[in-house]
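Undergrad: Throw the hints in and build the complete structure from the sequences for me.
The sequence shown: position 115 = 115 (the working numbering), numbered continuously.
The reader is advised that the hints may include incorrect statements.
With a straight-line Cα cutoff of 30 Å, these simulated DSS-like cross-link-like pairs (lysine-lysine) come out [claimed, not checked]:
1) Lys225 / Lys236
2) Lys104 / Lys221
3) Lys221 / Lys61
Distance windows between CB atoms, simulated [unchecked claim]:
4) Leu51 / Gln266: 22 to 32 Å
5) Asp68 / Tyr207: 16 to 26 Å
6) Gly58 / Lys165: 51 to 61 Å
7) Ser115 / Gln266: 28 to 38 Å
8) Tyr207 / Phe106: 26 to 36 Å
9) Ala65 / Ser13: 45 to 55 Å
10) Asp43 / Ile114: 28 to 38 Å
11) Gly85 / Ile114: 14 to 24 Å
12) Ser13 / Lys182: 13 to 23 Å
13) Val133 / Phe262: 30 to 40 Å
14) Ala65 / Pro11: 54 to 64 Å
Treat the hints as calculated values from the structure; they're not laboratory data.
The beta-carbon is built from N, C-alpha and C at its ideal position, and this holds for glycine as well.
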Amino acid sequence: MGKLLAKRKDPGSAALEIGMLLTALLFLYPIFYLILTSFKSPDQLYQPLSLPDSLYWGHYKKAIAKVDVPLGFFNTFAISVGSIGLMVVVSSMAGYVIARIPRKFFQFLFYFFISGMVIPLQTGMIPLFKMGVALHLIDTRTFMILLYAAGALPMATFMYAGFTKSVPKEIEESAAIDGYGKYRAFWLIIFPLLLPATGTLIMLNIYGIWNDLFGPLLFLKDPAKMTLMAQVVQFKANNQSIDYGPIFALCVMATLPLIVLFFFTQKYMMKGLVAGAIKG
1 MGKLLAKRKD PGSAALEIGM LLTALLFLYP IFYLILTSFK SPDQLYQPLS
51 LPDSLYWGHY KKAIAKVDVP LGFFNTFAIS VGSIGLMVVV SSMAGYVIAR
101 IPRKFFQFLF YFFISGMVIP LQTGMIPLFK MGVALHLIDT RTFMILLYAA
151 GALPMATFMY AGFTKSVPKE IEESAAIDGY GKYRAFWLII FPLLLPATGT
201 LIMLNIYGIW NDLFGPLLFL KDPAKMTLMA QVVQFKANNQ SIDYGPIFAL
251 CVMATLPLIV LFFFTQKYMM KGLVAGAIKG
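TA: Structural data, given as structure tokens:
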């Protein structure tokens with residue numbers, strides 16, 4: 001107990017805690033400023049250090065009146081869920097096969113998947129656009145789902161392969177004795193054991209897909225299919241004004257689901273990352 005108290009009183013530890021607290025406040029301030037400014041009246045909008053006299057909802061009313069926010073939520077949610085679902089299904093099976101079958105072909109596939117992690121996304125934009133036009137998939141949510149899932153496959157396959165190696169093979173042998181086939185044993189027995197990897201991958205990818213701006217602006221043209229982030233940019237471009245109040249309101253509505261999601265799932269994401277590091 002004496003050593004613990006002495007450690008707590010260590011000036012170095014106290015300075016480190018204060019530094020970490022200040023760093024956290026530095027990263028949290030933009031979120032605080034975003035939410036605070038969205039509730040300021042037009043007269044206070046350009047006073048960054050002032051607090052709102054009252055909660056002004058006019059910016060939200062104006063944003064909702066000019067932008068179909070529910071449709072943007074639906075598009076963003078559908079694309080995010082579809083992309084992550086496809087990524088989890090394909091990468092979990094690929095990682096399982098690579099980890100369980102020690103053949104050179106599957107090892108080659110493993111390195112082939114890993115090579116996708118070092119290719120810059122920007123280098124493939126033109127070929128991807130031409131491919132979408134050729135397949136008549138451009139300006140569709142399906143194309144966006146396929147693109148996001150393909151972009152997440154390398155990292156996801158790598159993580160699933162590492163987690164699968166930590167699962168004892170005796171579990172599968174016992175399942176085979178009980179009459180389970182390969183697919184049934186994987187989805188009912190092995191896949192539930194990979195939930196830490198699944199949860200981590202979901203949290204790592206949902207933010208990038210939800211917040212992506214470049215992809216929807218490049219591959220989508222129909223306003224009815226635009227995501228929330230693309231709606232924010234189009235609202236600013238179409239109105240051609242410096243009325244930033246509705247823009248702040250739109251940004252709050254677009255980012256609030258992710259803030260709530262992170263608040264409730266951060267500990268599970270950290271557990272998955274730590275478990276993956278240990279098992280890897």
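Undergrad: If a hint holds in the structure, say so; if it doesn't, say that too.
TA: Verification of the supplied hints:
Of the supplied pair hints, the one linking lysine 225 and lysine 236 holds, its CA atoms being roughly 18 Å apart against a limit of 30 Å. A C-alpha spacing of about 44 Å is found between lysine 104 and lysine 221, which places the hinted pair above 30 Å, so the restraint is violated. Taking the CA atoms of lysine 221 and lysine 61, the gap is near 26 Å; set against the 30 Å cutoff, the hint holds. Between leucine 51 and glutamine 266 the C-beta distance comes to about 28 Å, which sits within the given range of 22 to 32 Å.
Look at aspartate 68 against tyrosine 207: about 23 Å separates their beta carbons, and that is inside 16 to 26 Å. Taking 51 to 61 Å as the suggested C-beta distance range, the pair glycine 58 and lysine 165 conforms, at roughly 57 Å. Distance hint check: the CB atoms of serine 115 and glutamine 266 are about 31 Å apart, consistent with the given range 28 to 38 Å. Between tyrosine 207 and phenylalanine 106 the beta carbon distance is about 31 Å. The supplied range of 26 to 36 Å therefore holds.
For alanine 65 and serine 13, the hinted distance range of 45 to 55 Å is satisfied, since their beta carbons lie about 53 Å from each other. Taken as a hint, the range 28 to 38 Å is violated for the pair aspartate 43 and isoleucine 114, whose Cβ atoms sit roughly 55 Å apart. Between glycine 85 and isoleucine 114 the beta carbons are some 23 Å apart, a value that agrees with the proposed interval 14 to 24 Å. Distance hint check for serine 13 and lysine 182: the Cβ-Cβ separation is about 52 Å, which falls outside the suggested range of 13 to 23 Å.
At roughly 36 Å, the beta-carbon separation of valine 133 and phenylalanine 262 lies within the given 30 to 40 Å, and the hint holds. Look at alanine 65 against proline 11: about 56 Å separates their beta carbons, and that is inside 54 to 64 Å.
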